[in-house]
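Could you slot chain B onto chain A? The hints should help.
Quick note, the sequences are listed as chains A and B, same order. With the numbering used here, you'll find the first sequence wraps up at 505, consecutive numbering, no jumps. With the numbering used here, you'll find the second sequence wraps up at 906, consecutive numbering, no jumps.
Keep in mind that the hints are not guaranteed to be accurate.
Claimed, not checked - The calculated SDA-like cross-link candidates involving lysine to any residue, where the alpha carbons are at most 20 angstroms apart (straight line), are:
hint, chain 1, residue 1, chain 2, residue 2
1, A, K11, A, G135
2, A, K225, A, D235
3, B, K829, A, V394
4, A, K43, A, T19
5, B, K695, A, D280
6, A, K43, B, A708
7, A, K31, B, M701
8, A, K249, A, Y227
9, A, K97, B, S895
10, A, K31, B, H637
11, B, K898, B, D882
12, A, K39, A, I60
13, A, K16, B, T714
14, A, K31, B, V704
15, A, K39, B, P709
16, B, K881, A, R398
17, B, K898, A, I60
18, A, K249, A, V376
19, A, K303, B, G694
20, B, K640, B, V668
21, A, K272, A, K225
22, B, K695, A, G304
23, A, K303, B, M701
24, A, K299, B, A687
25, A, K43, B, Q647
26, B, K881, B, A900
27, B, K758, B, K898
28, B, K611, B, N563
29, B, K765, B, Q647
30, A, K303, B, G619
31, A, K10, A, H451
32, B, K898, B, E846
Derived from the structure by calculation, the hints contain no laboratory data.
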Amino acid sequence: MAGPIVWDEKKKVDTKRITVDPITRLEGHGKIEIFLDDKGDVKNAYWQVPELRGFERFCIGRKVTELNQITARLCGVCPGAHHLASTKAIDGCYNTKPTEAAFRIRDLFYNAHFVHSHIAHFYALASPDFVLGPGSPAATRNVLGVVGKVGLELGGAVLRTRSKAQRIQAMIGGKATHPVMGVPGGVAIALNKEDQREILSYAEDMVEFAKTTMAVFKDVVLGNKEYVDIIANPDLYYQESYYMGLAGKDNALEFHDGPVRVVDQSRKEKYKFDPYDYLDYVAEASEPWTYEKFPYLRKIGYKGLYSGPDSGLYRAAPLARINVCESISTPEAQSELDYFRGFFKDLGIDGPVNFTLATHWARIIEMIHAAERAVVNASDKDLTNSDIKQPDIVPGGRGVGIVEAPRGTLFHDYVCDENGIVTACNMIVGTTNNNGPINVDVARAAKGLIHNFEVSPGLLNMVEMAFRAYDPCNSCATHSLPGQMPLTAKIRYSDGSVFETITRE
Amino acid sequence: MGFIDKVKGIFKKSEKEAATSAPAKEEPAAPANVAKAAEFPADSPINGYVPGLGAPPNGKINLAIYWAAGCGGCDVSLLDTDEKILNIGDMSNIVMWPIAADGKEKDIEAMADGEITVAIINGAIRNSENEHMAKLLRKKAQIVVSYGACACLGGSPALANLVPGGHKEILNYVYESVPSSANFLADSGKKIGDVMPSVKYEAPEGTLTLPVLYDTVKTLDQTVDVDYYIPGCPPTQKSIAQLLNALVGFVYKGEALPPKGTVVGVQAKSLCEECHRHKENRRITNVYEPHEVLNIDYDLCLLDQGILCLGAGTTAGCGAPCTKADQPCRGCYGPTQPVSEQGASIFTAIASLFPVQANDATMDEDDMDEIMSVVKDPLGYFYAFSMSKSLIKRAVKEGGQ
Numbered sequence: 001m002a003g004p005i006v007w008d009e010k011k012k013v014d015t016k017r018i019t020v021d022p023i024t025r026l027e028g029h030g031k032i033e034i035f036l037d038d039k040g041d042v043k044n045a046y047w048q049v050p051e052l053r054g055f056e057r058f059c060i061g062r063k064v065t066e067l068n069q070i071t072a073r074l075c076g077v078c079p080g081a082h083h084l085a086s087t088k089a090i091d092g093c094y095n096t097k098p099t100e101a102a103f104r105i106r107d108l109f110y111n112a113h114f115v116h117s118h119i120a121h122f123y124a125l126a127s128p129d130f131v132l133g134p135g136s137p138a139a140t141r142n143v144l145g146v147v148g149k150v151g152l153e154l155g156g157a158v159l160r161t162r163s164k165a166q167r168i169q170a171m172i173g174g175k176a177t178h179p180v181m182g183v184p185g186g187v188a189i190a191l192n193k194e195d196q197r198e199i200l201s202y203a204e205d206m207v208e209f210a211k212t213t214m215a216v217f218k219d220v221v222l223g224n225k226e227y228v229d230i231i232a233n234p235d236l237y238y239q240e241s242y243y244m245g246l247a248g249k250d251n252a253l254e255f256h257d258g259p260v261r262v263v264d265q266s267r268k269e270k271y272k273f274d275p276y277d278y279l280d281y282v283a284e285a286s287e288p289w290t291y292e293k294f295p296y297l298r299k300i301g302y303k304g305l306y307s308g309p310d311s312g313l314y315r316a317a318p319l320a321r322i323n324v325c326e327s328i329s330t331p332e333a334q335s336e337l338d339y340f341r342g343f344f345k346d347l348g349i350d351g352p353v354n355f356t357l358a359t360h361w362a363r364i365i366e367m368i369h370a371a372e373r374a375v376v377n378a379s380d381k382d383l384t385n386s387d388i389k390q391p392d393i394v395p396g397g398r399g400v401g402i403v404e405a406p407r408g409t410l411f412h413d414y415v416c417d418e419n420g421i422v423t424a425c426n427m428i429v430g431t432t433n434n435n436g437p438i439n440v441d442v443a444r445a446a447k448g449l450i451h452n453f454e455v456s457p458g459l460l461n462m463v464e465m466a467f468r469a470y471d472p473c474n475s476c477a478t479h480s481l482p483g484q485m486p487l488t489a490k491i492r493y494s495d496g497s498v499f500e501t502i503t504r505e
Numbered sequence: 506m507g508f509i510d511k512v513k514g515i516f517k518k519s520e521k522e523a524a525t526s527a528p529a530k531e532e533p534a535a536p537a538n539v540a541k542a543a544e545f546p547a548d549s550p551i552n553g554y555v556p557g558l559g560a561p562p563n564g565k566i567n568l569a570i571y572w573a574a575g576c577g578g579c580d581v582s583l584l585d586t587d588e589k590i591l592n593i594g595d596m597s598n599i600v601m602w603p604i605a606a607d608g609k610e611k612d613i614e615a616m617a618d619g620e621i622t623v624a625i626i627n628g629a630i631r632n633s634e635n636e637h638m639a640k641l642l643r644k645k646a647q648i649v650v651s652y653g654a655c656a657c658l659g660g661s662p663a664l665a666n667l668v669p670g671g672h673k674e675i676l677n678y679v680y681e682s683v684p685s686s687a688n689f690l691a692d693s694g695k696k697i698g699d700v701m702p703s704v705k706y707e708a709p710e711g712t713l714t715l716p717v718l719y720d721t722v723k724t725l726d727q728t729v730d731v732d733y734y735i736p737g738c739p740p741t742q743k744s745i746a747q748l749l750n751a752l753v754g755f756v757y758k759g760e761a762l763p764p765k766g767t768v769v770g771v772q773a774k775s776l777c778e779e780c781h782r783h784k785e786n787r788r789i790t791n792v793y794e795p796h797e798v799l800n801i802d803y804d805l806c807l808l809d810q811g812i813l814c815l816g817a818g819t820t821a822g823c824g825a826p827c828t829k830a831d832q833p834c835r836g837c838y839g840p841t842q843p844v845s846e847q848g849a850s851i852f853t854a855i856a857s858l859f860p861v862q863a864n865d866a867t868m869d870e871d872d873m874d875e876i877m878s879v880v881k882d883p884l885g886y887f888y889a890f891s892m893s894k895s896l897i898k899r900a901v902k903e904g905g906q
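Bound-form chain A, shown alone (with noise of 0.2 angstroms):
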């Protein structure tokens, strides 16, 4: 059987104008603008995000106890994520927190919903790229070219799983898709001990799971030299942000609960603030071009997209999460953070990873840690504890809450008065802290690739990659219908006209 295809033809085109228009991106619909100069080089490139909802505003005058569910429905690919950042928000809001036994839920619930999430992202959306190659043909760039090739085996392995990943969600919140779990001081139901069987008999599949999917990805991606020469080509996709995360005890990797941390181009510790002072650190720019905003560090400053010790821009999601975790508090991640930081140290990094691609790398570590420690949480004797929610609380004040998403550090911020009423709401969501950041990505892997007026689907599609890597919320699910990831690039004159249109299906 032949290997993937990582080279297509290029041909020559006479504009300098190129859109890729869909692309994947966070909720709904996005493009690229590529424009290029006299030479047929990449001038720049732009990534651009048209759609707004207005959450934040329509949220206001609402009961502060319907958020968790009115903002899931912000994405249902991560509602998990919002679900829980609201809870944590609905609980400040109350002055409360959590019982013991509702957070050990929550956390059981959410380590289930990064599983759901990772495996839908690298099998659905990268895994096509590394299996068939980013320039095979358009036609079997997808799950389904990637389940012809290596067996129906895979396919039922990752559906199964994922499926099992979902019922978990669904056992605690009613639904996996917008689910109905919190409430201000706990959850709504507790768990009884043939859920807690049934969850740990699915939790331990999701490890020897998730250690077969590093297993594959060391195989297929660091088994393949053209391929680490592309995720280590400095000139493609590479950036030296800041990078943020959670931070648990001693600084572990943590999705749920904790302190944000911030560290340098050096992986030092540049800030750990607490989740209520985020607004010192944290600020949101805009531009006239996309309705997505750009947060930046705010001591540093909003300087334009691009990365370095004196822009603010920072980013998010599992390279980030690595990159400013110190360790990882179960066994079998730990041992794949080692091999991991030993690989690039041989390459001679000893700071942070600011390969993009090495995302893919990080989220299976982080797969293989949510696993873990769903089956931590399933095992423990308190799991069915009755004591889920927090007697005698009343609404009134200010709550924030922070969560990792599956894509990046959640912020969701809500004032109510004294009857439980929204005043004032601000949300940061993960994707979003990318944004500028997948814009210097798509701009250089544009710049790093596309010469001479020489363009091919193979190389948009590594445009593409640049972005894939971030998993721009809903391109996880939804590239794995048997259909295809449909692109359409069309290559028009200087006056608007089409020269030619390049589809990819």
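Same frame as chain A, now just chain B:
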């Protein structure tokens, strides 16, 4: 050569490991016959895949799946059909996928009218791009399915209709008023006019455009003609299986489709009738939120326990997963048929539980007001998913239009 075989080996191993704890799945001998194709079991999360279904006798249908103002949860619900998804691939060419927009639009435009057999559209209509794509797909598709709460009722995004100042007020709030944006403006000395997203912007390298936001969020059928509805936030697997069964019967065996306007996946009764809880129709004397009742009785109706559940005004079909999780129904499956005003219908149902009958006048209007004052945001609560379909539709500023 080599690495793929290794992957295969790894997965074969993992299958063996999985088989020890996972319930064994029956692998029917392929190829399955055509008659079998229509028998998707409705309730299993994994089973139901028909291996070797193959292409339909008259060739694959063209299927478009598109999302407007949605969250992706409807798309995940299609992914959650698990292996059945492979049968959708057997049955159809997917000519469009939710994340596709303008680019693929050219290909859709190039198709003849009616060349798409089925277009499944989720999400509400909240901007010019949503509207344009809905109209284009309607033109090209024989059958349009309105999929999920947002497309059918407006869904959560339609709560934006309660913002009196419409899209301008929303834009101002998001880019100027929220503290993280306000800090950017204050720190950088920039003016909001210079950074506010604009439908047309002259970048140094060329013009960049964005869609126009509307003031009122609409349903799909307020925008284009719709053939079938499948409600839910998101639709449950049971409902989706019904839709797929109908499609498979139509495509493989030429079976007639349900009459136009059919709401797929619902039953002609209220959610209460499929909820596991028993009703005592107790009079409501106090209203509680779920977190205020420390020990919710799992077998007793939530309304009987003073928790405002919307089940009585909501259609059955979802299997009541929320009430199984000790949370009230929030109405995402929409009104019972033929009621169209879900919020008002629930108001009525709840009001009937106040003890105010002539022979039982234990409560006067003031008492009732006092109880109901616990519901601080009745519009948001009772119309959480159906604002676009309500008679109210949207809030406006007093003295405005």
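Given pair status - B/D882, B/K898, alpha carbons within 20 angstroms: Roughly 16 angstroms between the alpha carbons, so the hint for B/K898 and B/D882 holds.
Mind checking the alpha carbons of A/K303 and B/G694 for me, to see if they're no more than 20 angstroms apart? Holds - the C-alpha atoms of B/G694 and A/K303 are around 13 angstroms apart, at most 20 angstroms.
Satisfaction of hint between A/V394 and B/K829, Cα-Cα up to 20 angstroms: Not satisfied, since the Cα-Cα distance of roughly 26 angstroms exceeds 20 angstroms.
Under the criterion that the straight-line Cα-Cα distance not exceed 20 angstroms, is the pair A/K11, A/G135 satisfied? holds (14 angstroms)
For A/K303 and B/G619, compute the direct alpha-carbon distance and say whether it is at most 20 angstroms. Violated - the C-alpha atoms of B/G619 and A/K303 are around 50 angstroms apart, more than 20 angstroms.
20 angstroms Cα cutoff - pair A/K272, A/K225: Given pair A/K272, A/K225 is violated - Cα atoms ~38 angstroms apart, limit 20 angstroms.
If you draw a straight line from the CA of B/K695 to the CA of A/D280, is it 20 angstroms or shorter? holds (19 angstroms)
Is the straight-line distance between the alpha-carbon of A/K299 and that of B/A687 20 angstroms or less? With a Cα-Cα distance of about 15 angstroms, the restraint between A/K299 and B/A687 holds, given a limit of 20 angstroms.
For B/K898 and B/E846, compute the direct alpha-carbon distance and say whether it is at most 20 angstroms. holds (11 angstroms)
B/K898 and A/I60: Cα distance at most 20 angstroms? holds (18 angstroms)
Does the alpha-carbon distance linking A/K249 and A/Y227 stay inside the 20 angstroms limit? violated (35 angstroms)
Between A/K225 and A/D235, does the CA-CA distance stay at or below 20 angstroms? holds (17 angstroms)
Hints 3, 8, 9, 12, 20, 21, 25, 27, 28 and 30, counting from the list given before, are not met by this structure.
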